[in-house]
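Chemist: Those sequence lines, one after another, are chains A and B. The letter at position 74 of the first sequence is residue 782 when you use the numbering used here, and the numbering goes up by one with no holes. The letter at position 313 of the second sequence is residue 1021 when you use the numbering used here, and the numbering goes up by one with no holes.
Treat the hints as calculated values from the structure; they're not laboratory data. Accuracy of the hints is not assured; some may be wrong.
It does not matter which identical chain is used: a pair holds within one copy or between any two.
As the list claims (entries may be wrong) - Once the Cα atoms are required to be at most 20 Å apart in a straight line, the calculated PhoX-like pairs of lysine-lysine come out as:
1) K825 to K996
2) K1118 to K1006
3) K1042 to K1118
4) K728 to K1005
5) K1056 to K825
6) K850 to K1042
7) K720 to K1092
8) K931 to K1005
9) K982 to K1092
10) K1006 to K728
11) K728 to K844
Number of protein chains: 2
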Amino acid sequence: MFRPLMPFEEAKRVIAEQLKPEAIGAEEILLLDAYNRVLKENVVSSLDIPPFSRSTVDGFAVQAEATFGAEENHPVRLSVCGVVSIGELPKIRIGKGEAAEIVTGAPVPAGADAVVKMEDTDRKDGELRVYRAVTKDGNVMKKGSDIRRGETVLEAGQVLGASEIGVLAALGLTTAKVFTIPVVAVLSTGGEVTEPGRELPAGKIYDINAYSLCTAVRESGGKPLYLGVVPDDEAELRRALNNALVSADMVLTSGGVSVGPHDLTPQILNSLGKPGVFVNGIAVKPGKPTTVARVGKKPVFALPGHPTSALLQFHLLARPVVQVMSGRTATEVKSVRALAAARMFSAKGRRTFIMVKLKRGLSKGFVAEPVETGASGAITTLAKADGFVEVPANQQFIDAGEEVSVGILKGAL
Amino acid sequence: MFRPLMPFEEAKRVIAEQLKPEAIGAEEILLLDAYNRVLKENVVSSLDIPPFSRSTVDGFAVQAEATFGAEENHPVRLSVCGVVSIGELPKIRIGKGEAAEIVTGAPVPAGADAVVKMEDTDRKDGELRVYRAVTKDGNVMKKGSDIRRGETVLEAGQVLGASEIGVLAALGLTTAKVFTIPVVAVLSTGGEVTEPGRELPAGKIYDINAYSLCTAVRESGGKPLYLGVVPDDEAELRRALNNALVSADMVLTSGGVSVGPHDLTPQILNSLGKPGVFVNGIAVKPGKPTTVARVGKKPVFALPGHPTSALLQFHLLARPVVQVMSGRTATEVKSVRALAAARMFSAKGRRTFIMVKLKRGLSKGFVAEPVETGASGAITTLAKADGFVEVPANQQFIDAGEEVSVGILKGAL
């Protein structure tokens, strides 16, 4: 029952080629709910900002020319013709030799083209002495100088954080057109697992994957649809997958449904729609049984049953697809440099990922310490591993003390 | 009207001392909604995991002793007495000289203490030939070997990601006890601003701060309560602050409410409860008018009106408070190393923060390019700045080409 395994890099290439993921749609949402969402379209300002010339200081609005020649010992004298209030258009007009009191942010009144700072003046009765000349537009933020009407302020694809949402508010907007969050159905299979929250039948263990993968989907910008554990039966799995494909934009399964040594998932996926399965087994450790299909437009990743393998292969292969479907740029798993704490071997002929825990090294920097996997605890590994070190298929091992790149699976370091 | 400004470091110290923030409470939530939440208590396993000894391979459950001496050319012969199904407790018992077919993950039947790999066997009729000896516990993951009942699996304060939520699922849990998310009321003041979504009155600009600060609160682990722009009036501000203090766990305001040159916010805060204002003006640029108070147990930060200053001071001073109130560890603003693209001056006697944009340098690494602030556009600065460079109060400038640390204000780089 030999099945040739696809090399890891080829699997990545074939997945990109066969899935050609795209953003799934757009929606208009409240700006206050738009944190971490992705802009669907360029945003063009419909306003000049500021919409009027504003003073940038507390002082007196004047005609700059009237202050020419003013010096410490030779003040220019102007008459104060009024006060400009903040938040309303001034009704006064500044003539030659006149000045109006003004605060920071208030509109510069008609006639004036500069503002003298309060500290460069001295007021006596109705007379204002100006001790320092100001040039045209001095201390004035001119209408449209921040943003011109018609200017593109933010671009499609930008992720909305505090600054971007502030910028949209500045334009008077309360909503934003963003990419829709793709719904990713997550289900677990396997006769040995049962759903958390139920009584644990003798001989079974609790399913981990549906919970960890739902969370990983959320972390990647998708919306998980938890479908729990599917009974270990061909008809049930067919029904569950069909359901998942109808309800979601993408499907993740983990574990296998076996009759004897065969996993039924690929054959059921092939029967549900074209083009069906195009990756069925990858020369990678852990994660060999990973299967990838497309049913109509919808990507399906059938991940291994081992919790760490499932989460790892999700990050390596499925996460970029979720990102692109969310309108984001697919990003590589974040990585940090570290020194290998022990020799790490590759599995013969397979790209090998060694789960590691990061510790602070003696000097600055990290040390990557392998965490037991496989035979040992699924949960222990999941709880302890911060990330993984990759050993190429054609390399026998990475030696202790070598510098390695550690791909990070946990959000926080 | 000289007001001595508090040095920046002293302000930070006084804030920590006066506020002594604490997590505000706990709640039980669905595990599927617990992404990025913080555990309130240690989690102790109520199960042995696995709850029974499991096979880690496909093969035959045996008594190890019966295989001793088995070799490639000298197989041991056993009789197959049954098949162990996955997901149920086996009813058979393995006697000396017997073997039962078993798959990965299935419970090891009574009597057996090891599993021989399928590939090390050969089956003919009812007879099994074993070509390789297996030691006691070989290919068996023993009951409780992953997690022992009573073992602490996760600790209070851990942030829940995909791995942690997977671990909790493994224990059969569907809920988690997490710290409550603090509600942070956000309001803007100032006669020159109006709320986005309304018509823009002549002489006003749209408020940015309530939107950007609400988003920054969310990013910091808090739940923002948007209270919009408060009319420029003492009674209105008093009412709004009172409201905010009743409805939220913490309050952020920005801008000032002035009668003449005086900002009324501090005096109103002092009238609302003890101990009132304890920081009123900081020797920092930008952000000098920053005011910090505590009214009863609730922290209040009155931030500057300039959008970039408000966001910067939020990150420097208020964000750690939101983090601690969320049960998180207060973290410093993330930073990256970069080369200064231009000389950056400090403001006389004040800790100075220069807003910068990060660009990729010629070699690897970043270059920090100053973004105009102050007189120039509030929005331009907000849109362009990735972070800030700090110039100490006692240093005149940082020179072009010097290596600097850039504090990151934007989530994405």
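Chemist: For which of the previously enumerated hints does the structure constitute a violation, in increasing order of number?
Modeler: 2, 6, 7, 9, 11
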